[in-house]
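There are 2 protein chains.
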Amino acid sequence: MTLYVNLADLLGTRIENGFYRPGDRLPSVRALSLEHGVSLSTVQQAYRLLEDNGLALPKPKSGYFVPSGRTIPALPVVGRPAQRPVEISQWEQVLELIRSVPNANVIQLGRGMPDVSSPTLKPLLRALAKISRRQDMPGLYYDNIYGTQSLRDQVARLLLDSGCQLSANDLVITTGCHEALSTSIRAICEPGDIVAVDSPSFHGAMQTLKGLGMKALEIPTDPITGISLDALELALEQWPIKAIQLTPNCNNPLGYIMPEARKRALLSLAQRFDVAIIEDDVYGDLAYNYPRPRTIKSFDEDGRVLLCSSFSKTLAPGLRIGWVAPGRYLERVLHMKYISTGSTATQPQLAIAEFLESGHYEPHLRRMRGQYQRGRDQMTDWVMRYFPAGTRVSRPQGGFMLWVELAEDFDTLRLNRALLDQGVQIAVGSIFSASGKYRNCLRMNYAAKPTAQIEDAVRKVGSTITRLLAETEPAPH
Amino acid sequence: MTLYVNLADLLGTRIENGFYRPGDRLPSVRALSLEHGVSLSTVQQAYRLLEDNGLALPKPKSGYFVPSGRTIPALPVVGRPAQRPVEISQWEQVLELIRSVPNANVIQLGRGMPDVSSPTLKPLLRALAKISRRQDMPGLYYDNIYGTQSLRDQVARLLLDSGCQLSANDLVITTGCHEALSTSIRAICEPGDIVAVDSPSFHGAMQTLKGLGMKALEIPTDPITGISLDALELALEQWPIKAIQLTPNCNNPLGYIMPEARKRALLSLAQRFDVAIIEDDVYGDLAYNYPRPRTIKSFDEDGRVLLCSSFSKTLAPGLRIGWVAPGRYLERVLHMKYISTGSTATQPQLAIAEFLESGHYEPHLRRMRGQYQRGRDQMTDWVMRYFPAGTRVSRPQGGFMLWVELAEDFDTLRLNRALLDQGVQIAVGSIFSASGKYRNCLRMNYAAKPTAQIEDAVRKVGSTITRLLAETEPAPH
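As given, the protein sequences belong to chains A and B, one line each in that order.
Letter 310 of the first sequence, counting from 1, is numbered 372 in the working numbering, and no numbers are missing.
Letter 251 of the second sequence, counting from 1, is numbered 313 in the working numbering, and no numbers are missing.
Simulated from the structure, these hints should not be mistaken for laboratory data.
From a predicted model like this one, the values you see are computed outputs, not experimental measurements.
Using N, Cα and C, we set each Cβ at its ideal position, and we do this for glycine too.
Worth double-checking, as some hints may not be accurate.
Claimed, not checked - Facing chain B, according to a computed beta carbon distance under 10 Å, are these residues of chain A, among others:
1) Thr64
2) Asn68
3) Leu72
4) Arg76
5) Ile77
6) Ala189
7) Met199
8) Ser244
9) Gly273
10) Thr513
Claimed, not checked - Heads up, simulated DSS-like pairs for lysine-lysine below, C-alpha to C-alpha not over 27 Å straight-line:
11) Lys522/B <-> Lys121/B
12) Lys192/A <-> Lys522/B
13) Lys522/B <-> Lys511/B
14) Lys184/B <-> Lys184/A
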């Protein structure tokens with residue numbers, strides 16, 4: 063991490079947290095140079111980085127300012143409190159989403175696809191090609207059930223950044239985060255068991271609960287601070303909950319990062335009621351501010367947290383490489399992993415290990431974090447411009463997903479059908495609920511660099527919403 | 063398929079089936095040329111192929127003979143009849159096997175690893191490397207949940223050889239055959255359900271039943287004709303069986319191919335009792351005789367057979383590419399696939415599709431079938447030479463696994479421990495039983511081309527058995 067990136071991150075955090083307000087003058091280059099003991103040119107580099115990220119605006123002869131004039135849209139409202147565990151529905155709508163294949167004629171804003179066109183991924187492709195050419199063909203052999211040692215070593219090193227002191231032996235490589243989640247759930251729960259989830263919640267994890275015959279208890283979730291601890295405590299008192307499944311960092315779909323104190327409090331609750339925590343950290347490395355946020359796992363002392371993640375969002379989903387740090391459930395997760403897919407594909411593991419070892423991961427992340435943060439601002443602006451007034455929008459602190467809430471009786475299923483022949487698709491909100499809530503919400507992907515084509519797609523979504531709203535206006539009576 | 067290979071296969075089948083006996087003179091080149099309407103040189107090529115496969119022996123000036131002097135060892139005995147469904151144990155011993163990594167100092171005769179050193183695999187490695195270099199980087203994107211269209215097209219074409227008329231839309235690509243089996247089982251069964259299995263049976267499928275909380279009912283299985291239909295019928299009458307799980311072609315571990323009439327009869331039984339059949343065909347393409355045997359699926363008219371397979375044994379296990387043809391359970395299998403790993407890795411799918419499209423699969427198979435058949439004969443000879451008298455040995459008709467049965471009270475767990483510091487490992491028989499039967503059996507891999515090193519390993523296994531037998535001889539009393 064170079065000095066100027068460090069400094070830019072520090073200033074960026076202060077701006078994001080409101081320490082400097084829109085329109086404020088930022089500290090002078092000279093002042094920062096003195097304060098931080100760095101050269102003038104380091105400060106200038108830091109400011110240029112902030113400028114690139116849309117966080118600082120240079121005014122000739124007067125220095126840098128926090129960009130003003132950006133109106134911040136209202137946040138989504140917090141869902142209703144948990145009532146009872148439910149069987150999970152919505153499989154058909156999830157299937158509709160995952161059936162889709164990349165198609166040049168459709169702007170697919172619905173899927174959780176990162177931008178894989180960055181030149182910082184080239185060393186990864188070279189590593190993949192190189193392994194294919196090796197005479198000893200390591201990619202063709204069965205790996206052992208834990209996963210390749212070199213990759214587990216590298217992942218253990220990565221995990222230090224989120225506060226986890228784990229060794230390669232604490233990790234199991236999986237076929238994507240999907241397998242990490244499903245083996246974790248199966249390691250803990252039996253059919254009929256109740257799992258508490260944040261709400262809205264990642265549809266993949268919920269479909270896993272459904273497929274395994276478990277029930278979900280949806281806990282209201284704040285779009286800035288995450289799962290409600292009060293509601294969770296109440297639920298733990300009322301129901302025989304087996305596990306809590308949530309995404310505290312760069313939440314999917316809401317984008318928040320749960321504050322550290324609340325992570326600790328959540329862990330205490332889990333200890334008090336003796337339940338396991340399944341922590342999905344798949345977007346954690348894409349937090350916009352540096353250093354990246356800590357995981358709940360990093361505070362875990364009795365092995366009750368199963369940390370699940372993957373390279374699908376940070377590198378590329380097609381590689382299907384994830385991992386799980388299952389704590390005290392290691393043996394059971396290994397069994398579930400073995401019966402799910404046997405060992406994980408060898409070649410992508412070796413290629414990713416080489417990519418990490420050679421130091422290509424951090425520069426790639428830095429670039430993507432900046433791009434996604436700018437993408438968030440651009441997408442938010444477009445939504446404000448093209449969607450009806452009163453639209454509520456999340457304020458993601460990482461990742462590349464925007465959650466949009468429309469008028470209460472709006473139906474995004476109808477919206478998606480209406481968009482089909484316009485070549486745009488979004489993710490309907492109801493798949494993020496076990497019980498079909500959030501029908502008036504949608505999730506949009508802003509991973510790709512903004513283009514006129516994407517702007518046009520967002521405009522189409524907005525105008526179709528407006529048209530549908532006009533059609534459904536109640537007839538006077 | 064060239065003429066001479068066809069002819070060699072025909073003659074080979076006759077020899078294997080005992081139409082020509084050891085020591086018999088085979089038809090003259092001229093006679094075969096007239097009988098089959100092919101040139102003399104075609105017949106000579108066919109005989110050279112048979113010679114390579116150890117099925118014909120040239121004698122100067124007298125023509126070709128069936129090699130004599132090969133004593134055929136006694137077959138393993140058929141297991142005891144089914145008694146009751148049991149919870150599956152043996153996970154610790156399976157874990158011991160799959161924990162192992164390729165290690166130059168250990169001859170691993172236990173695992174289901176094919177020979178991946180054949181030059182006929184080179185086009186596959188080239189395809190993998192080529193895809194890594196493509197500018198549009200298709201390997202980095204999520205695939206759709208069914209799997210890549212081009213690969214499904216090719217697999218549908220392959221399945222014609224086993225008598226299946228299926229389209230790409232009837233197939234779901236999976237992360238190895240493991241995932242095909244586990245999604246199939248989960249699509250049909252609930253925890254507590256009973257599944258009838260052949261016995262001995264593939265440990266991976268049984269551990270899947272165990273992990274999902276199902277019970278296995280082991281059905282006695284003949285080492286030549288497969289699962290006992292009488293015993294199965296009795297079991298179906300007595301127990302509420304949900305599915306029959308078996309490997310009828312090139313069975314693992316016994317190596318038999320179930321005769322076609324018995325496959326039909328099994329399907330009728332399944333129809334009569336309305337149960338599903340989970341058919342593992344992962345070794346089916348490695349049957350030594352051409353054309354390859356039909357699957358039970360090929361006779362299925364009401365979609366009750368779920369055909370599971372992969373390229374792990376025919377190409378390479380490290381790629382983790384399999385498939386399932388789930389019949390009427392398609393929708394449910396899709397859901398189970400989604401929650402297990404999401405979509406399957408894209409790059410190996412594209413590479414295999416290209417390998418198949420370019421016609422590299424059949425020549426590769428032909429080469430491997432010949433090599434494995436010679437490997438079987440060599441390994442059988444070694445076992446006969448180095449193991450104690452009275453050792454019983456399977457007679458595989460495909461694949462690369464030999465099943466060896468020792469004296470009734472012998473314990474192969476002790477054997478494997480004793481072999482550890484001699485740098486040899488075998489698969490203990492008890493993992494092929496739900497209830498820990500077959501402790502006196504072991505499975506050995508003969509995929510690799512015979513070498514002095516492997517012969518030495520087999521000799522060590524044999525002498526260790528002899529030593530242990532001497533140690534455990536009952537004291538006189």
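Determine which of the earlier numbered hints do not hold for this structure and return their numbers in increasing order. Numbers 1, 2, 3, 4, 5, 10, 11, 12 - these are the hints that the structure violates, sorted from lowest upward.
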